[in-house]
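A.B. asks: Residue numbers (our numbering), protein chains in the order written: chain A, 1 to 291; chain B, 1 to 291.
Warning: the hint list may mix true and false statements.
Listed next, the stretches of chain B that the computed footprint assigns to chain A, with coverage defined by at least 3 CB atoms under 8 Å from CB atoms of chain A [said to hold, decoys possible]:
1) 21–35
2) 42–52
3) 58–71
4) 106–119
5) 163–176
6) 247–260
7) 279–289
Just so you know, these hints were derived from the structure itself, not from any lab. Where a beta carbon is used, it is the ideal one built from N, C-alpha and C, also for glycine.
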Amino acid sequence: MISRGALTLALFATLLAATAAWANHPVLLEGNCDSPVPGTTLVGTGKCGDWDGDGRVGAAEDGDGADRIFGTIEAALGAGMSGSGINLNGTITIVTSGRFVPSSTVRIGDAPSGPTNVTIEAAPGVTALFDAVLQGDPAGGNTLRQNIAGILVDATGDDDRIVFRNLTIQNWVEGIRVTGGARVTIDNCRFEHNLNYAVRAMGTSLVIVYESTITDTGTRGGSGVSNFGVPGRAVSYEESARGMVARSQIFNSKADAVTNESSLGTSAVFHHQVVISGNGGGIVNATPIGF
Amino acid sequence: MQGFRIATSLLLLLCAGAALANHPVIVEGNCDSPTFGTTVLGVAGTCGDFDGDGRIGSAEDTDGADRIFGTLTAAIGPGTGAAAGTGANLNGTVLIAASGRFVLPTSLLIGDAAGPTLLTIEAAPGAIALIDAVAQGDTLANNNFRQNIAGIHITASNVEDRIVLRNLTFRNWSEAIRVNGGARVVIENCTFEHNLDYAVRVMGSAHVMVNGSRMFDTGSRFGVTVTSTGAGTAIQFEGTSTGLVSKTAIFNSTGTAINNASSNGASAVRFFQVIVGGNGNGIINATPVAF
Chain A
1 MISRGALTLA LFATLLAATA AWANHPVLLE GNCDSPVPGT TLVGTGKCGD
51 WDGDGRVGAA EDGDGADRIF GTIEAALGAG MSGSGINLNG TITIVTSGRF
101 VPSSTVRIGD APSGPTNVTI EAAPGVTALF DAVLQGDPAG GNTLRQNIAG
151 ILVDATGDDD RIVFRNLTIQ NWVEGIRVTG GARVTIDNCR FEHNLNYAVR
201 AMGTSLVIVY ESTITDTGTR GGSGVSNFGV PGRAVSYEES ARGMVARSQI
251 FNSKADAVTN ESSLGTSAVF HHQVVISGNG GGIVNATPIG F
Chain B
1 MQGFRIATSL LLLLCAGAAL ANHPVIVEGN CDSPTFGTTV LGVAGTCGDF
51 DGDGRIGSAE DTDGADRIFG TLTAAIGPGT GAAAGTGANL NGTVLIAASG
101 RFVLPTSLLI GDAAGPTLLT IEAAPGAIAL IDAVAQGDTL ANNNFRQNIA
151 GIHITASNVE DRIVLRNLTF RNWSEAIRVN GGARVVIENC TFEHNLDYAV
201 RVMGSAHVMV NGSRMFDTGS RFGVTVTSTG AGTAIQFEGT STGLVSKTAI
251 FNSTGTAINN ASSNGASAVR FFQVIVGGNG NGIINATPVA F
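Let the hints inform the model, and build the full structure from the sequences given.
C.D. replies: Written out as structure tokens, the structure reads:
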């Protein structure tokens, strides 16, 4: 015979296990088709990016339960329902192709507890479009987004680690800006038509760009916004930033392919097997490394 | 005529039930939605359900002799229930055909088969196989247990044992892959992040080759109630082990990128086109090779 107290205790323990705010766990993120109209969140089951087959994408997927499957990048980065979001400590894997249109800059700051450890990646075979422009955006956010950075990493500690993998970032003023002290690895990403910078490393950050392709920085054809890139550099290291660009391609930037203006000098930035062509300038003030 | 029919039926039954060796099997993804451990889906063909029968996980493991499994543990075994005799049984290929989470109850043990252990575990191009120690929704005890052990533990003891791990993603283990037998192991195009002590630890007399892989942020992990301090070495060779690391990127390990502590000396471990950056130490006691 089980006592009522034991039953209550067991129920409490089950509830705790079900709702605990875990750290460093993975979550999944679905694609968005924005069809038939931008902002669509209810779709045919299994269609239009709906990986889990519940007929929801976007914001509707965010709030449908503590299933560790999200529809927007902002919600996946946050605490989520019952602690199911990564809360700046975990991995976000995008499992179906689609458009990801944040309302503003996606910010990755200091985690509420402990270091910021964030990986955002699209699965192989999936294209995750982080584009500033969404035709028909009912929120009217196209002008705002084209004048800001797509992703801002301002986590402050040297033990903060952020990885971006297999993402496509287009039409922002700055594709990714890093201003804190974090270590950021940009792996197998594609940048196109970002106006001023594709990647801008500042503060005391350490930023590595690996096996990525950066094309047409400084060239953008937006409507109702300035399309004059200043300076139109692909990768820029400033203040006390450091890092490396390796096994990457940089084509047709309006200005330099890689510029090192870090106060730490030439040895702050290394490059290895970087293919450049059609840029306004080459690789400036960085140190080549070989094998 | 009746005798002929009986003989034919018997032959067909034998073929259907025989425990064949060195055959391929398929593993589906897992979405763990709407709750952790979900095995029966609301909509067939979604949520990793490759064969469209509405089952994933352990329900897929035993639903028939279809050579399609839902867990890695079952797929590398002999198969049980209605799937008896259809598993790889440590001699065959395990192909992960759909993206998803693969939460192991404990280390995936690859030991000695009846003959040589000849096992390949690979995710198909376009699928992402997340082998993460942490699963939000599982119990604290289970999560902490996994974070303190190896993800895959290869103990196959003989030099003719051959194991290939391809296109897999490992996160949050104490050691993602430990090899301490005598096998020859190839780790190809795998991704390792936030493993605490080692991404790959080679012991015994094993020979391990790491090719085309990424190892980021080893030693940097922040779990709920587990230690966050570890060796932080991406690849470690010990005992009398030997190996090669080629065309691999190792970034931001808190310890060493490659450490060769094998008693066979510097010539036991070779490296070719390994990019290192942001690690506590670089490549120690290994020999560069050129081709």
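A.B. asks: Work down the list of hints and note, for each, if the structure agrees.
C.D. replies: Okay, the hints, checked on the actual structure:
1. 21–35: Since 5 is at least three, the answer is holds.
2. 42–52: With 5 residues close enough to chain A, the hint holds.
3. 58–71: Coverage by chain A is violated here, the residue count being 0 at a Cβ distance below 8 Å.
4. 106–119: This one is violated; 0 residues, fewer than the three required, reach chain A with a Cβ under 8 Å.
5. 163–176: With 3 residues closer than 8 Å to chain A, the region 163–176 of chain B meets the three-residue bar; holds.
6. 247–260: Contact hint for the region 247–260 of chain B vs chain A: holds, 3 residues under 8 Å.
7. 279–289: With 1 residues close enough to chain A, the hint is violated.
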